[in-house]
Structures are given as structure tokens and as C-alpha cells.
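*Asks:* Chain A is already provided as a structure; the job is to place chain B on it using the hints.
Residue numbers (my numbering), protein chains in the order written: chain A, 646 to 759; chain B, 1153 to 1266.
In short, the hints are calculated from the structure, not lab data.
Every residue, glycine too, gets a C-beta built ideally from N, C-alpha and C.
It cannot be assumed that every hint is accurate.
Think about it this way: if two alpha-carbon atoms lie no more than 27 Å apart in a straight line, the pair counts; the simulated DSS-like pairs of lysine-lysine are [unchecked claim]:
#1 A:K744 / B:K1221
#2 A:K714 / B:K1253
#3 B:K1210 / A:K744
Computed Cβ-Cβ distance ranges for the label pairs, DEER-style [claimed, not checked]:
#4 B:N1213 / A:L733: 16 to 26 Å
#5 B:T1229 / A:T747: 15 to 25 Å
#6 B:L1208 / A:L686: 24 to 34 Å
#7 A:L733 / B:T1169: 26 to 36 Å
#8 A:T747 / B:G1214: 13 to 23 Å
#9 B:N1213 / A:T731: 24 to 34 Å
#10 B:L1208 / A:T747: 14 to 24 Å
#11 B:G1214 / A:E724: 44 to 54 Å
#12 B:G1168 / A:T660: 44 to 54 Å
#13 A:I722 / B:H1191: 26 to 36 Å
#14 A:I657 / B:H1191: 19 to 29 Å
#15 B:S1232 / A:G708: 39 to 49 Å
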Amino acid sequence: EAQVTQNPRYLITVTGKKLTVTCSQNMNHEYMSWYRQDPGLGLRQIYYSMNVEVTDKGDVPEGYKVSRKEKRNFPLILESPSPNQTSLYFCASSKLAGKQETQYFGPGTRLLVL
Amino acid sequence: AQSVTQLDSHVSVSEGTPVLLRCNYSSSYSPSLFWYVQHPNKGLQLLLKYTSAATLVKGINGFEAEFKKSETSFHLTKPSAHMSDAAEYFCVVSVFRGYNKLIFGAGTRLAVHP
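For reference, chain A alone in the conformation it holds in the complex (with noise of 0.2 Å):
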């Protein structure tokens, strides 16, 4: 089945810890992103990547680290966690970077820093 996959789905970590979250998809895209999703904000990007080894920052990187060493692998790493950093994060993949491309997402990951 052609999917979007995230790990964990749920996180509860405390300030300064550092963690990953891992996205992994099994369509061959070149296009990845992820996304944090906060109560009236709809989504907003945080970081893209057009292939292996090109990542760009998106809307809102600040707090956030990402690689691209695989095209079906893409983490999301934060070094450093704070509380604002709370929030629900989603992967995305496409097969190109093209304005009508579908992108296909993650079912996301609910992440609380305390």
C-alpha cells in the first residue's frame, strides 16, 4: 500500500531533550515536507526537501533540524525542545516539486514538551 508513515505517533518529552521524529515513504517521491498543525492556524511548513541531500527551510524552521540521506527517509529533529514546540507535526511527500502535485500526507505526530 503506497503510504506516508510516521514514528512515534504520539511523544511526550520534557525541555532540552533531544528527539526525532521519523517519515518514511514507499513511493519513490523527491518531494518531502513536514508540517506542525496549531488550533487556528491550519498547517504551515517547516522544512522541504526537493531530493536526497536538498533541504530548504519552510515558514517555520527555527527549533528544527531535517536530512535527506535517503529519498523514502526524511526526520524531523529537534535539538533542542521548548514548549512552543508543541504541536502536531505531518510529513509530506510528492512525486515532483511541481505547483499541481498531490502531496500525500503522514497521520501525524502528537508531540507535547513539558
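*Replies:* Chain B only, in chain A's frame:
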């Protein structure tokens, strides 16, 4: 600048009655437009998309949307609501700025009553 405004944060309908979720957009260029649905504790699922072909777009589960350039609108409709339609709906503009950038509306929560 590109933006998306979903005119209602909450919509409540009775089962079997029509659904109208309103979306206005602002875009300097010819946009691609999407509607995504998010059921509780689920990821985002594509309902339909407009990519400069037919202005009336049909999607899954009986939903459709009409692109009206003169009104800069892309309202989502369904003739008869079903209980399973209760979810949050996002109107999205896609622009290409060297990469595929999605701009999300704040979302409309649809409640369906028996």
C-alpha cells in the same frame, strides 16, 4: 502575496442537507487549489484539486468545488451530508516558488447532526 481565507471556522448541518464550505484565495499567479479533509486523529486526505482544467471539480465522497476566478473563490459543496462527513476541512493554495509551497487556510470544522 498568496493567502487563503476560510470564511467559517465551524459549520453545522443536519444529515441529508446540503453542505457549503467557503474558501477565498489570493494569488498573483494562476493557482492550483485543493481541498483536504482531516478526520479525528487521522492524517489529511485529498478530496479534490483544481489545476486549471475544468472549473467544476468533482472529488471523492460526493464533494465538488467550483473555481470562480472573478470571485477568487473555491467553495466546497455536497448535496446531502452524511454523518461520516464530520471532520475538519482545509482549503489549500499551491504555488511554485522553485518548490511546491502549500498555503493552508485555518480550517473549517464540519459537524453533522442526525
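*Asks:* Run every hint past the structure and note whether it holds.
*Replies:* Against the structure, the hints:
1. A:K744 / B:K1221: holds (18 Å)
2. A:K714 / B:K1253: holds (22 Å)
3. B:K1210 / A:K744: The given pair, whose Cα atoms are some 19 Å apart, holds under the 27 Å limit.
4. B:N1213 / A:L733: 16 to 26 Å: Taking Cβ atoms as reference, B:N1213 and A:L733 lie about 23 Å apart, which means the hint holds.
5. B:T1229 / A:T747: 15 to 25 Å: With Cβ atoms ~21 Å apart, the hint holds.
6. B:L1208 / A:L686: 24 to 34 Å: holds (30 Å)
7. A:L733 / B:T1169: 26 to 36 Å: Holds - the Cβ-Cβ distance for A:L733 and B:T1169, about 30 Å, lies within 26 to 36 Å.
8. A:T747 / B:G1214: 13 to 23 Å: holds (19 Å)
9. B:N1213 / A:T731: 24 to 34 Å: holds (32 Å)
10. B:L1208 / A:T747: 14 to 24 Å: Given a distance of about 19 Å, which is inside 14 to 24 Å, the answer is holds.
11. B:G1214 / A:E724: 44 to 54 Å: holds (46 Å)
12. B:G1168 / A:T660: 44 to 54 Å: At 49 Å between Cβs, range holds.
13. A:I722 / B:H1191: 26 to 36 Å: holds (29 Å)
14. A:I657 / B:H1191: 19 to 29 Å: For A:I657 and B:H1191 the Cβ distance comes to about 23 Å; the hint holds.
15. B:S1232 / A:G708: 39 to 49 Å: Since the Cβ atoms of B:S1232 and A:G708 sit about 45 Å apart, the hinted range of 39 to 49 Å holds.
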